[in-house]
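Colleague: Take a look at the letters that make up each chain.
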Amino acid sequence: MNAVQSGLVVQALLALAAVATGLLSPVSWRSRATGALCALLGVAGIVTGAAALGGANGALTIPLALPIDPLVLSPDRLGGLFMIVVSAVGALVSLFGIGSARGAEASRTSWAAMAVFLGGMQLVPAATDVVSFLLLWEIMTLGSTVLLLADHASRSTVYSAAIWYSAMSQLSFFFVLAGFGVLVAATGGTGFQTLATVPADSWPANLAFVLLLLGFGGKAELVPLHVWVPRVLPEAPSHVAAAMSGAMVKIGVYGALLVCVRLLPSGPPWWGVLILVLGGVSAVYGILQASVASDLKVLLAYSTTENMGLVFLGLGASVLLRSYNATAAADAALVAALLLMVSHAAFKTTLFLGAGAVAHATGELNLDRLGGLGKRMPWTAGTFGLASLGAASLPITSGFVAEWMLLQALIHGARLDGEVVSVAASIAMPLAVAVLALTAGLALLTFVKAYGIAFLARPRSRKASIAREVPWVMRVPLVLGALAVVGLGLMPGPLAAAIAAAVGPVIVPDVHTVGLAGVSLSGIDAVLDPGTLVILAGLVLVPILVIVALGARRHPTRVDPLPWAGGGSRLRPRMQYTATSYAEPLVRVFDDVLRPSRDVEVTHVGESRYLVEKVHVEQTVSDVIETRLYRPVLNAAQRFGLAARRAQDGSIHRYLGYSFAALLVVLIAVSL
Amino acid sequence: MRVGTGAAAHAVELTWAGIGAPILMAVLQLALFVFLAPLLIGVIRQVRARLEGRAGAGIWQPWRDVRKLLAKEPVHAADSSWMLSVGPIVLLVSSLLLCVLLPLVGTLALPLIPSDLFVIVSVMLIGVVALALVGLDGGTAFGGMGSSRHMTVAALVEPTLLLSIYALSIPAGSSTLSLIVQTRLQTPAVIISPVSLLAMVALAIAIMAETSRLPIDNPSTHLELTMLHEAMVLESSGRDLAWLELGSWLKLAALLGLLGNLIVPWGVLTDFTVPGLLLGAVAVAAKVLALGTALSVGEVFLAKARLFSVPELLAGSFALALLAVTASYLVA
Amino acid sequence: MFETTYPQLIGLCTGTLLLTSALMVWRHSMLASIRLLAVQGLALAALVAVIGVQKGELEVILVAVLVLLVKGLGLPWVLAHESKATTRTDEAPRLNPTASLLTVALLTILAYVVSSRVLARDTSVSAHAAPIGLAMVLIGFLLLVTRRQARSQLIGFLVLDNGIATVAFLTSGGVPLVLELGISLDVLLVVMILYVFAGRMHNKFGNTDIDQLRKLHD
Amino acid sequence: MAPSLSFALWTPLALPVLFALLSLTVPSPRLRRLGPIASSLAVLASGVILVVAALHDQVPTLGGVLRADALSAYLLTVVGAIGLVSTWGGLGGGGHSQTPARWAGSYDGLISVFLAAMSLAVVADNIGLMWASIEATTITTAFLVGAHRTGKSLEASWKYVILGSVGVAIALLGILLIYAASRATGEATLSWLVLSQPGLPLDPALVRAGGALAVLGFATKAGLAPMHSWLPDAHSQAPAPVSGLMSGVLLAVALYAILRVQTITDAVIGPDFLRAMLSVAGLLSLFVAAALLIRQRDFKRMLAYSSIEHMGLMAIGAAVGAAALPAVLLYMLGHGLVKATLFVVSGRILEVEGTPTIANVRALLVRRPGLAIPWLVAMAALVGFPPFSIFFSEVGIILAGWSAGMGVVVGIALVLLLVIFASLTRLTVALTIGSPHDALDHTPPILPKQVTPRATAPGDESDADREATVLSRREAEAGIDGAGVVNGVAHVADGGSGPEPFPMTSNIRVAAPFPDTVAVTVVDVVVAPDRSTHGPLLPLVLALATCAVVPFIANPVGVLLVRAAAVLGGAH
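Residue numbers (the working numbering), protein chains in the order written: chain A, 1 to 672; chain B, 673 to 1004; chain C, 1005 to 1222; chain D, 1223 to 1794.
Just chain A, same shape as in the assembly:
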């Protein structure tokens, strides 16, 4: 037994132990014991993944009763990378859960499901064949569904969330199953190595590609398969939402990479265009919805759609450019996509956990009722702020490095040695840059809004005003997450090198570490060393701080309850800008896309037609894709279901008629 093999066994055993502990331990120490075991499970996953990423081999074989190949778990380097990411998120989330899970969230079922969810999820990247992949995938789905249901008894919204989630998960699963089925039929085996022998650009490869892309895209919350996200993530307990958004969607990305890097590495250009379009639309749509969202978790959920859209944008650019042999840019795009994936895991986990901390402290996630938490919850505010920087792709965070690299790849993509590689690329790349830029701009607004409204200014409700900082067991994962965001942002070099190793051995990105753990892309002449930038900023800062220190001694800051009050008086917290009002200009600008429903009600004073006593404005932005794409289908299905009842109306004559008709048809068929 080598490191990887024993690591896999340990993970399986830890998962089972956590399930058992969750089911059997009393409530007094259930959360602590199970949470600790789950965190250990995560650590085991990190170690195993690291070993696999380092190139160690090891396999765990599980026999099956059906005469198909046995299940073989053996992570390769890419799998190792994903295992690390997913496990790390799992560990943080479990720690946080110890503190945050209360009531139904800390029930036996929830903790056992947590272990199942995490265990299944972090083993998915170890699968080397179709059946074990699907098996672990479904275990992951099952665990997360149960977790989602934790609060079912107290909130009726869980009901529809659960249905949406399981239906959309199953849709993804069926897409994946069908896609793999096509490949299995074409190659005659279930192992991924066998599947990879499918001839490129044959119809099975094309069909399988589309099916798998849709399947994995669904898990990665891509438009239009994202509809579960804004329902599910707000309903799930915060630490579970963090695990779903921080880790589970990465499994979707892993699947897409499995397809684009391992199984079908040399696709035609239209594959790349398809991924690009899917990713681009998701990115813009996701961030638009996020920017107008008022519920913190909904905002974060849509932001995940955006980030995954960007990951797929990078992946699509990579596939497209590779099909034109623009290898250097293609590699850079691939590394950028993975970098974004890793950094998203860091910042989105922290953000969701931060939202969980806010909910824990205030019981409120509606930004319109938060505010002023920065003073009351400094740890949460600080970590949430850093993670927000990451989500907004601003410097010294990992999100920035990823987006920078993606931009570099895109602007260098359309040309190769001074020649335009293709018309498609020269149209696609500028549009991709535009999408990326618009997304980045809106992300900026979104997270300024999220952080500014929630943590700055004055509390907008009583619950926000009496908030207290969360206990240390919840602070630790927050701090670790924020450290990861900044650490990966300051030292992208080693991470990029690891990613380059992970996507090998066929694809070998030309990535190097330079300076203070900075990163350089030799193939496209780009270099970035955030560490040096920070040093430079520090140098610039010194004189300012000196002036401030001197000034503060002579003229210390004065605190006044309402110093300027915008020129008015009696300024109450409710008169502050809220999240809704913050996004209002944007809603107007993107009126055609968001299609908000506005309801304005004016009450006049007495008989007057001019004096207004009260104006009631209500504006809701619903998910256009859900209302325009899914609702009609669902309504049609419901109508059909109602109509179909008539086929089973209880009349035995009708039933006999069915049989008779079948008999006649068979007789006719027989005599043909």
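The hints are simulated quantities; they were obtained by calculation from the structure and are not laboratory data.
Where hints are given, some of them may not hold.
To be verified - Restricting the straight-line Cα-Cα distance to at most 16 Å, the calculated cross-link-like pairs of lysine to aspartate or glutamate (EDC-like) are: (1) D/K1374 with C/D1213; (2) A/K614 with A/D599; (3) A/K463 with A/D368; (4) C/K1059 with D/E1409; (5) A/K375 with A/E469; (6) D/K1374 with C/D1215; (7) A/K614 with A/E626; (8) C/K1059 with C/E1007; (9) B/K976 with B/E902; (10) D/K1374 with A/D649; (11) C/K1219 with A/D368.
As the list claims (entries may be wrong) - Partner residues are not named here, just some residues of chain A that face chain D (Cβ under 8 Å, in silico): (12) A65; (13) V131; (14) S166; (15) A178; (16) V182; (17) F192; (18) Y610; (19) V615; (20) V617; (21) Q648.
Stated by the list, open to error - Beta-carbon label-pair distances, calculated as ranges: (22) C/Y1010 with D/P1423: 36 to 46 Å; (23) A/N325 with B/V758: 47 to 57 Å; (24) B/A966 with A/N325: 19 to 29 Å.
Because the structure is a prediction, the values reported are computed rather than measured.
A virtual CB, placed ideally from N, CA and C, is assigned to each residue, including glycine.
Dock chains B, C and D against chain A, hints included.
Modeller: Coordinates of chains B, C and D only, in the frame set by chain A:
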């Protein structure tokens, strides 16, 4: 056309040319622009005053304002957080970094942090975010309004900004500004190519929006319906206000300097010599002041656009930038 | 002598079978149907007997006796017994007589077409008559689909069963006696059960109209 | 060796009949009700013995009529296992409550006879005998379906008998045609062993017609559309154990008959004809199930349609042929066990809730976790979640389907499966999830008299471990942070106390153990959840555990499946 540097070029060369000269140039740039930025605002205001038939406060008035504000105590609202004092400093640092990183006096690149336009834009955006958060932290309706509008504009500007950079980067084969400027210096034909012109117009509009100038924002208004930038700084006072003002001015100066060097790259230091350094400093100062004057003159004739017609303007500039990029691939 | 009359006998028997089936569709009276069923049972028994004589197998003759007892006498008697007590009235079937008879014609044609394909290799006399059996199956099914009374449905089922038996004897000269016994027993039991249920239905609802069995539906 | 094991061929027939007689004669209802369990055990034991024989390459035969190859042995085991789950799990009540006392004995006896008939159907070597025993199941189950002796159960049994008998009659017609064709071998035979040999000079036209009609007929018993119409009515009206038996065993045995017939026809006319027929039937079944599950209201009918769905998928597996057969066989076991479990639980829910309508039950997880949890686990298995074996069967069939060039069929099947999945999830969620308050009208809740605030004994660990199932987040915070224990919570509905109602959240303990009826009568109040399973839990646990473990046992289960499939020509 493609100026290759290769991986080896990114290695730190512990030589005078590799480290010393760029650092010296950067320090000079920093000092020059800290001095120049308030002056630029003074010039802009003075020119405008004269054109409008007023006497004006003189070109040194901004300097005097800063000195005065630095000597005053800041007043914070009781519910505000540290953001009110940290935000202005962050804005200032981001603007100062712009002055260090942009090829203003010369194109000597600092080791490991070349003047990559994407990095520069991000550094600038940090300042934008800091300002927006300061606006929110005041806890008033005006601050939130300004912040909201400011961020909306910033979000919509970003595509134009990045695409125009993209367009400019194509002839140089790199998004590093010093290389772009060098390319334009070596082959001036690039400057007046239609692609470049489109990109420059788009970039100019983007910079106007980023620096809160007309027609996107009126820098001298205090009418609630028209304020963007001013609404955000309404609650700041004393030192905080000084940093905010200085930071905004520095940003304007640095971006005008960049614009100047892109339009008229001559005078820029490419190989280190002391006279060249001085020439570069004088050249960039002249370009900035000239552009500032032109800006001021232009603003006299412009009215502020309605907030909700701003997106149309930005969409137009975005179209120009996109046209520039695709044209440079498909026409060139 | 028998060899020459054999085809005619087969034709006579099968003709009677088809005729009785068609008449059952036509006539709505329960009593008439039961009498026709009895005639059909007799015809079937005769058919089996003819085949048995032709083959010279005692076993088949015994089967003929069994058929005579069960289908010619037993079942009609049971049905008639109950029928007298309860329903003498005509029922209104779901299809009018003209349409029914037309359908019968079509079904018979279908049976001939199918048989011509299926039994193309078999050129024996009996095989030529096999379509009659298939037609009876279809007619029985038609009765099941169109009749509203529980007992009428039972009759339809019996016609269908007779049809199957006809096919069996005409295509393969019958099945082994043991199996035939088993099959007959099964049919008998089914009829018994339906009979019991019809009785329960009568007790519960006061009549045996199948149309009232519409409680279970989606 | 061989003769020593052939006793296991008659034990599953004789012993149940014996137990049936005992059931009719023994006066004690308690003992009598053990009869069906004993019968199931007898069948199961015989099955296991025959499986052992099959694994040792023996094929026990008896009198040229009974024969147990690997397939028969496997199916006999399946019959026994599912029978055991249904009958043992049915002990909790369900079937007997409404059966008049004088019929009680015959009820148990008929179940035993039913099991014997099923066993005969799978060990019979003669197709005619197989047919007769399947028809015999119609006869026995007819009374079982009508056991409740209500108008509805009468209706269900009438439909069942008419439609079932007609269907099986058509099968008989098909078998007779095959018999006619078998004259070409020299002597007419119905021996399965003889007929399934390859290279027989049978008339293709006859075999094709015979095979088609036989499959059509047996499809009726297998619940395949469009012959399925009897199934929802019968399954929903029959007592729960009977429903479980019918759904788990009867359908599987009918499919077994189809598989046997298919082997004969495949050898003569090739697989295409029946493949097309089974594909159409399978897809049609999936379609019917999907269409009628969308707006389903009754949880027992829901299970019935789910059976149609699963049989449809198995039919598609059968259409795929050799490669999918092991998966289909495993499917029979998995579906049978899970469906038997679900029907048993549904019987208990019906008994305690008094209604089969989903809308009238609701919030079962909060109110009756003892029933809801087995239900949910089994539903997860039913809709195909791993590690339960249905997952592997479905994946196996679908992968094999693509490989067999039936991509279109599989693709359509997946679309329909998705609809079915979504509908089943929606219905299950509606049945189990949520707070009881959602289900009730907006009558203001009142505090129960039995509730005594602040009465928690700190050392009472068993009670202390109860979970607060009806806590909202905020309530939980207030309730648990205080003392770490919440035993039961009285919930005060919103309204009256301003925009943010403050719920009653102290540690409240339900003093007396509540009788089951309290939850129904004191509807407005969340009482202590009813944790009783209302019947033996062990059979359910065993069924689900088997379902979860079996797919991972390559030896002997895997070997057995391969051999059983090889009997049907599924050898690799």
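Colleague: Provide an ascending list of the numbers of those earlier hints which the structure does not satisfy.
Modeller: 7, 11, 17, 18, 19, 20, 22 and 24
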